[in-house]
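Position chain L relative to chain Y; hints supplied.
Chain by chain, the residues run as shown.
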Amino acid sequence: MAGAMSQRRKVGFSLARHSTGVIASVLFLAPIVWTVLSTFKPAQEARQPPLPPWPTTGFSIENYETLNSFGDGLWVSAQNSIYVSVMTVLLSVLVSVLAGYGFSRFRFPFRDFFFILILSTIMIPFQSILTPIFLVLTKLGLHNTLTGLVCVYVTLQLPFSIFMMRNAFDAVPREIEEAARMDGANNVTMLVKVMLPLVWPGVVTIALFAFLGAWNEFLAALVLMTDQSKFTLPVMMTALQSGRFGAIDWGAVQAGVTVMMVPCLILFLALQRFYIRGLMAGAVK
Amino acid sequence: MTSIAATSMPARTRTRVGRRQWIGLLYVLPAVALVTVFFVIPLGMTAWMSLHNWPLMGEHAFIGLDNYFAILRDTRFWNALKFTLYYTVIVTIAIFAVAFPLAIFIEKPRPLTNLYRTAFFMPAVVGFASASLLWSWLLNVDSGLFSPAAYHLGLTAKKVNLLATFQPAFWSIIAMVVWKVAGFTMIILMTGLQSIPQDLQEAAVIDGAGPFARFRAITLPLMRRTLALALILSVAGSILAFDQFYIILRGGPRNQTLTAVYWIFNQSFVSFKLGYGAALSMVLLVILVALSLIQLWLLRKPEGLD
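Chains Y and L, in that order, give the protein sequences. With my numbering, letter number 185 in the first sequence gets 185, and the count goes up by one each step, no holes. With my numbering, letter number 221 in the second sequence gets 221, and the count goes up by one each step, no holes.
Think of the hints as simulated: they come from the structure by calculation, not from any bench. Please read these numbers as outputs of a predicted model, since none were measured by experiment. Treat the hints with care, as some may be off.
Which chain Y residues face chain L? A few, computed with CB under 10 Å, are given here [stated by the list, open to error]:
#1 22
#2 28
#3 31
#4 87
#5 137
#6 233
#7 254
#8 261
So the derived label-pair ranges between C-beta atoms look like this [to be verified]:
#9 147(Y) x 25(L): 23 to 29 Å
#10 15(Y) x 217(L): 26 to 32 Å
#11 167(Y) x 167(L): 43 to 49 Å
#12 82(L) x 57(Y): 45 to 51 Å
#13 299(L) x 19(Y): 36 to 42 Å
Beta carbons: idealized from backbone N, C-alpha and C, even for Gly.
Only chain Y is shown next, with the shape it has when bound in the complex (with noise of 0.2 Å):
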């Protein structure tokens, strides 16, 4: 008798653990999936409200064909997007790989200065250092340039990067290099061939952080970017929501839209142990 209550009880918990869970789920998924459904709805449809959220009148992909008519195109700011993000992964990875093997295992003057340098800057928010990067990026000729862009994003995100690969080296034990020292190895062949797969979960996670700062960012594109031709895709699509292009088209703003968010949620469902162990290693330390 007792055990049947239980039992009961147990399974309402359950239904309402679960129902709990399956609406809230709803809620934060549905702005996504109603944004997805209704790009594939033929123009004419997309600018009336989007009730129900599925094509009703035929399936089409006009919205992302009219993305290409908008100023210099949506392939060429999705190109600017595609190249900043890719350069900001491997030079952000190549400068905190060096860096963190650097302050993991060497001892030189300064190396705590420097250290606490890098991690400092997370400390000041880059909105309030823009005119003077803008007035170095053309000191340096790189104004208006996506290396430009991409110097900035590496530079932000250097303190989470070195931080995440410092530890990681450090973790290592010191007696795997000792043995590859016998045999000779010099210190490139070491941190390559020894080290980097040693280290290789660290790389993914902050690969992915530089990957998703770059693609998302809109305030220092949006001021250091001025020619539309260099344009990434969070400021073209803004400037096409904006009615630069003449009349809004909600059709082709959630077509752009779309095409912004999916790589995103690729790389994240992907790669989430590696994104949730970076949010760790932020939170805990």
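Okay, now just chain L, sitting in the frame of chain Y:
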């Protein structure tokens, strides 16, 4: 660790090793160079420029603290700052009100928990710009979702433009930010919850403590550092808010939702008063650094513990 290795070596090899240690400088050089050129120098320049009248074109002139005196009289900046702080308080409370229950909900590994956690977290990986563009559509009076849906359901007599007046516009932004950020805060809080030893909770249950008493006496105190971290991340992020107000509201209606960063952006890159913008930036910077110092103090390791 390194020091032990170095001192235990014989004197002759120590000099060789000492020289090898210098190579470390080469490894960290690219990072130090980048941070110097794109952070330290701009930081110094901000301070320097704030003492100048610095137009985009033409000569700049040293004017001492005049920009700072101008800030004192700049009521629009103080209004922007006031609005930013108001927004920060409201949005932080709203984020915690949603994220804390979610964190408790997903804390223990039960069937499907991972699936729910992923679902709640999805909006957090979408960028603020994408999220703002998405919601600017949902909130649009003609082609959007909320107004037409409310009208079709008979909740409103006609389509209401949510972005035309302050209150609905402000709360729409709050809803959007909570949707986007709650999953992130949830994960941070979850790590704090999971670090609380299970036997402590069980002992309290045996002592007859109810769920609320346990939450107050065990969960909250033991989560101090995590709570502080989540709080500071939310506060710092909100003080620097720009994307959503620029993209969805353009600072409107009637310039009532201009944030501090938005005002600096307008002064620096729309009016091209670079010196004045730099002085405003210094004010913002001081606020953020003060916050960071409070953070370091709150996150200090409790004495006697680990």
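Non-conforming hints, listed in increasing numerical order: 4
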